[in-house]
Amino acid sequence: MNVRSFSLRPHKRGKVPPWKLALLLIAAGVLGRLVLWEMPNVEPVMAVALIAGMLLGGYYVILVPVAVMVGTDVLTYALGWSGAYSPVQILGLGAFVYSGFVLAAAIGQAYRPRLLFRTRTIAVMARISIPATILFDLWTAFGDWLAISRHPPMNWSLGQVLEMQVPFTLVHLASSLIFVPIFGTLFLYLHTHGWPMAGPSPSGTDDSGPE
Amino acid sequence: MPGDAWSRWRAFAFFAVLLVAIAVLFAGASALYRVPPAAVVHDVHLRVEGPGWTIEYRADTTPNSTAYAILAEAADRLGFVLDARRYVAPLDSVLVESINGTRNGEDGLWWLYWVDGAYGDVGADRKALHDGSDVLWAFREYPPREASP
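In order, the protein sequence lines correspond to chains A and B.
Going by my numbering, the final residue of the first sequence carries number 211, and the count climbs one at a time with no gaps.
Going by my numbering, the final residue of the second sequence carries number 149, and the count climbs one at a time with no gaps.
These aren't lab readings, by the way, just hints derived from the structure by calculation.
Backbone N, C-alpha and C define an ideal beta-carbon position, used for all residues, glycine too.
Where hints are given, some of them may not hold.
[Stated by the list, open to error] With beta-carbon atoms standing in for the labels, derived distance ranges: (1) B/Leu-78 - A/Asp-73: 37 to 43 Å; (2) B/Phe-14 - A/Ser-7: 44 to 50 Å; (3) A/Leu-186 - B/Ala-13: 16 to 22 Å; (4) B/Asn-100 - A/Ile-90: 25 to 31 Å; (5) A/Leu-138 - B/Leu-78: 41 to 47 Å; (6) B/Asp-83 - A/Leu-116: 34 to 40 Å; (7) B/Arg-34 - A/Leu-158: 21 to 27 Å; (8) B/Asp-107 - A/Leu-116: 21 to 27 Å; (9) B/Ala-39 - A/Ala-95: 25 to 31 Å.
[Claimed, not checked] A short, non-exhaustive set of chain A residues, derived as facing chain B with CB atoms under 8 Å: (10) Asn-41; (11) Val-66; (12) Ala-67; (13) Val-70; (14) Gly-71; (15) Thr-119; (16) Leu-146; (17) Ile-148; (18) Leu-162; (19) Pro-167; (20) Phe-168; (21) Leu-173; (22) Ala-174.
[As the list claims (entries may be wrong)] Not close to chain A: a few residues of chain B, all C-beta gaps over 10 Å, as computed: (23) His-45; (24) Pro-51; (25) Ala-72; (26) Asp-76; (27) Phe-80; (28) Asp-83; (29) Asn-100; (30) Gly-105; (31) Asp-121; (32) His-130; (33) Asp-131; (34) Asp-134.
With the sequences and hints as input, model every part of the structure.
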């Protein structure tokens with residue numbers, strides 16, 4: 001697996017135009033996040049971000065996760081679903097959450113597997129989602145501590161926050177292992193084969209180097 | 001082994017490993033985020049501070065030994081309305097949304113709890129009480145600015 005340097009230029013396009021794939025990814029992320037709102041740490045945004053990085057790359061690494069988060073955050077605050085955070089706290093913690101998902105997408109871009117529609121490719125995607133999820137949780141737990149938990153009345157140490165984070169990270173890892181293979185299979189198929197009704201096509205578009 | 005059969009076998013093995021990993025992760029989270037064991041506690045005092053009103057409740061002996069359960073007991077005994085949202089397993093827990101008609105978000109304030117002077121660090125239904133515990137539910141800004149209740 002090669003590690004690639006970051007570039008704002010998207011990868012070579014697959015069978016579906018990148019902007020269409022990006023729109024589908026954003027729609028899947030928004031819908032999934034809203035449907036799973038009542039399940040703490042079970043969310044599809046990590047999977048969507050990773051897949052955007054792997055399949056699209058470039059500026060989509062920023063565009064896709066940020067669009068999903070902005071769309072759902074605006075909607076949930078308008079609907080009154082969101083919690084007790086003040087605008088300042090939202091900006092503080094939100095900066096960590098948004099940048100965490102962009103980081104996940106960048107990891108997807110840097111460690112993208114060969115894009116062939118194979119079990120092995122999905123397995124590599126799932127494997128990459130594990131460190132990406134752990135890094136995201138460490139980053140956002142640090143953000144929570146910095147913006148909220150180190151202040152009165154909590155006065156929690158970073159160690160305490162990380163300790164409390166453990167069960168949530170386990171669920172988040174399970175979430176990634178559910179959504180990365182599901183979305184990975186779906187979007188990798190679209191990327192390599194195109195729309196199912198569009199007729200026969202070659203088996204894959206390998207626009208990357210070796211794993 | 002023919003190529004197709006080998007591919008199917010690999011896909012099946014991957015799916016099986018994935019399912020086991022997901023089950024282990026969910027089980028681990030449930031084990032770490034435990035509900036406190038059922039216990040009977042004595043001499044528990046509850047105070048609920050709303051906007052312009054206060055409710056006091058004392059239980060000499062009660063099996064409702066969490067910060068949420070004692071509040072639910074008081075609501076039942078004293079006849080005030082308690083509304084809570086329960087999140088889904090494995091990290092299931094309750095979020096109190098309204099007490100006695102005062103709902104989260106009104107005037108930018110929220111229902112928060114303290115047990116024995118310590119701000120809640122887990123869901124209220126996961127916070128164990130002990131003999132002589134003092135429980136405070138207060139309608140405050142989140143996070144509260146005061147270092148103590």
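If you test the structure against every hint from before, which numbers come out violated?
2, 6, 8, 9, 11, 12, 13, 14, 16, 18, 30 and 31
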